[in-house]
Structures are given as structure tokens and as C-alpha cells.
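Visitor: Starting from the known structure of chain A, fit chain B onto it as the hints suggest.
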Amino acid sequence: EPEVTQTPSHQVTQMGQEVILRCVPISNHLYFYWYRQILGQKVEFLVSFYNNEISEKSEIFDDQFSVERPDGSNFTLKIRSTKLEDSAMYFCASSDGLKRISSYEQYFGPGTRLTVT
Amino acid sequence: GEDVEQSLFLSVREGDSSVINCTYTDSSSTYLYWYKQEPGAGLQLLTYIFSNMDMKQDQRLTVLLNKKDKHLSLRIADTQTGDSAIYFCAEKGGSQGNLIFGKGTKLSVKP
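Sequences listed follow chains A and B, in order.
At position 57 of the first sequence the residue is numbered 57 (the numbering used here), and the sequence of numbers has no breaks.
At position 100 of the second sequence the residue is numbered 100 (the numbering used here), and the sequence of numbers has no breaks.
I should point out that these hints are in silico values taken from the structure, not numbers from a laboratory.
Treat the numbers as computed from the prediction; the structure is a model and nothing was measured.
Beta carbons are placed, not taken as given, at the ideal position from N, Cα and C, and that holds for glycine.
Treat the hints with care, since some could be wrong.
[Stated by the list, open to error] With a cut-off of at most 35 Å between alpha-carbon atoms, the simulated DSBU-like pairs for lysine-lysine come out as follows:
1. A/Lys83 with B/Lys56
2. A/Lys42 with B/Lys68
3. A/Lys42 with A/Lys83
4. B/Lys103 with A/Lys57
5. B/Lys68 with B/Lys56
6. B/Lys110 with A/Lys57
7. B/Lys70 with A/Lys42
8. A/Lys42 with B/Lys67
9. B/Lys103 with A/Lys42
10. B/Lys68 with B/Lys103
11. A/Lys83 with B/Lys103
[Stated by the list, open to error] Ranges of calculated distance between the beta carbons of each label pair, as one might list FRET restraints:
12. B/Gln59 with A/Lys78: 36 to 46 Å
13. A/Ser81 with B/Lys68: 10 to 20 Å
14. B/Asp54 with A/Gln17: 47 to 57 Å
15. B/Gln59 with A/Leu39: 28 to 38 Å
16. B/Ala41 with A/Val12: 41 to 51 Å
17. B/Ala41 with A/Glu53: 36 to 46 Å
18. B/Thr81 with A/Glu53: 40 to 50 Å
19. B/Met55 with A/Thr5: 31 to 41 Å
20. B/Asp26 with A/Tyr50: 19 to 29 Å
21. B/Gln59 with A/Glu53: 34 to 44 Å
22. B/Gln59 with A/Asp96: 17 to 27 Å
Chain A with its partners taken away, still in its complex shape (with noise of 0.2 Å):
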């Protein structure tokens, strides 16, 4: 069964370094978005990317972050100059956006656990 893939699964890096999250989307899936889960809080969305931009994202996802796709399979998160606030678990996920009856059916990948110090 296809799934979402994330590297790496556990990265550490000292506040104020530039870090980057990758994901590997569902193959013919057409939308992507990442999400954060600080450690016991709420799975937050940041952002969602469509069509080679972003088509929603919210209040969190401010200039310190961006994403890209670089290519036909990667997803990528980029945080420009991590704080020690940034450390989370971050969440990429995809569905196919068809109008359907699942519509926005999304497949979430294990996740990559950021650790700020």
C-alpha cells in the first residue's frame, strides 16, 4: 500500500541553524501539507501547497519557514533560524483532492521529530 514517507525521523540542531524536513507524498496525490505537534499540544496545520504554491497556511507559518517542491516526489519544510519553540513533531500528509465522496482524504507520514537546543 503507498504511503508518506519523512527524513529524518529525529533531527537535532542548535537554535538559529536553517533546517529541512523532507517528504516523499503518495505518488499521484496532488495536495501536500505539513503540520506540527508540540510535545502535548494540539496537531497544528501550517500549511497546505497545491499546484506548485501555497494555497492556505496559517498564523504559525511565518517567514522563518517556506516550502518547495523541488522536484516530482520531494515535499520539503524549510525553517530558516530555528528557536527553541520550533521544537516539535512535524507531520507531512497528502491526499489526491479528488471530488469524491472522501474528499481530502489525508495520508499522514510518521513523522520527523525536531529537537531545538
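Guide: Same frame as chain A, now just chain B:
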């Protein structure tokens, strides 16, 4: 704004039924979802319900939707130890279908 609330913990005995409850605020939500997260794993879509339905059954899972009270529940019949996980309720928000999650209910199943 949109919000989804769940109780944080539920403990049941193996073989009993589990009922996980959720309330949401956005009355225009068209889809409501239940996701399961096992330790160290991602979020797995368990089931969903469309807002014009009251109930959906899928094997051991029954989803009940009370749209008037904005209340969603997930019933797991004959709960097994393998059902131990965190269960997230989510509603579809935004125009591109981004999900709004609750904090998750940690289900512990005792043998």
C-alpha cells in the same frame, strides 16, 4: 475560531466497548474524521463521516454525529490491547481541506 475538544484519557478492559467523545465548533464542517496514532507512528485515518449522516459503521467502529450539539463520538466494540493508541478527532477547515485536530484521547486497554 474553529476548535475541537476531546477528553484526554480513557481506560477500558479488553473486550469492553470504548467510546471516545469529541465536540467541535464549526457548524459548516462537511467532513469529520477520526485518526489513530500508535507510539512512534504517524496519524492513520480510521474513518470519517460526512455531515449529512448521523451514523457510520465500519466493522468494530461506529461513528455517531449529533450535528445539533456538534458532538462526534467513536465507539470501538470488543476493544483489544492492539487498540491502545491516541485517537484524534478532526474537522475539515479552510478551503483546501486543512484539518483542525483535537488534542487526542489516549486509550489504554487493560487485559
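Visitor: Confirm or reject each hint.
Guide: Results for each hint:
1. For the hint linking A/Lys83 to B/Lys56, the alpha-carbon distance of about 43 Å lies beyond 35 Å, and the restraint is violated.
2. A C-alpha spacing of about 25 Å is found between A/Lys42 and B/Lys68, which places the hinted pair at or below 35 Å, so the restraint holds.
3. A C-alpha spacing of about 19 Å is found between A/Lys42 and A/Lys83, which places the hinted pair at or below 35 Å, so the restraint holds.
4. The hinted pair formed by B/Lys103 and A/Lys57 meets the criterion: a straight-line CA distance of about 20 Å does not exceed 35 Å.
5. Distance check on the hinted pair: B/Lys68 and B/Lys56 sit about 17 Å apart at the alpha-carbon level, within 35 Å; holds.
6. Note on B/Lys110 and A/Lys57: the hinted pairing is violated, with a Cα-Cα distance of about 41 Å set against a maximum of 35 Å.
7. At most 35 Å may separate the alpha-carbon atoms for a hinted pair to count; B/Lys70 and A/Lys42 meet this at roughly 19 Å.
8. At most 35 Å may separate the alpha-carbon atoms for a hinted pair to count; A/Lys42 and B/Lys67 meet this at roughly 23 Å.
9. With a C-alpha separation of about 4 Å, the suggested pairing of B/Lys103 with A/Lys42 holds against the 35 Å cut-off.
10. At most 35 Å may separate the alpha-carbon atoms for a hinted pair to count; B/Lys68 and B/Lys103 meet this at roughly 22 Å.
11. At most 35 Å may separate the alpha-carbon atoms for a hinted pair to count; A/Lys83 and B/Lys103 meet this at roughly 23 Å.
12. Between B/Gln59 and A/Lys78, the C-beta spacing of about 41 Å keeps the proposed range 36 to 46 Å intact.
13. About 47 Å separates the C-beta atoms of A/Ser81 and B/Lys68, a value inconsistent with the hinted range of 10 to 20 Å.
14. Look at B/Asp54 against A/Gln17: about 51 Å separates their beta carbons, and that is inside 47 to 57 Å.
15. Between B/Gln59 and A/Leu39 the beta carbons are some 32 Å apart, a value that agrees with the proposed interval 28 to 38 Å.
16. Distance hint for B/Ala41 and A/Val12: a CB-CB separation of about 21 Å, inconsistent with the stated range 41 to 51 Å.
17. Separation of B/Ala41 from A/Glu53 is about 30 Å and departs from the stated range, judged on CB atoms against 36 to 46 Å.
18. For B/Thr81 and A/Glu53, the Cβ-Cβ distance of about 45 Å falls inside the hinted range of 40 to 50 Å, so the restraint holds.
19. With their beta carbons about 35 Å apart, B/Met55 and A/Thr5 fall inside the hinted range of 31 to 41 Å.
20. The supplied range of 19 to 29 Å is met by B/Asp26 and A/Tyr50, whose beta-carbon atoms lie about 22 Å from each other.
21. Checked against the given bound of 34 to 44 Å, the beta carbons of B/Gln59 and A/Glu53, roughly 40 Å apart, stay inside it.
22. In this structure the supplied range 17 to 27 Å holds for B/Gln59 paired with A/Asp96, their Cβ-Cβ distance being about 24 Å.
When the structure is compared with the earlier hints, violations turn up for hints 1, 6, 13, 16 and 17 and for no others.
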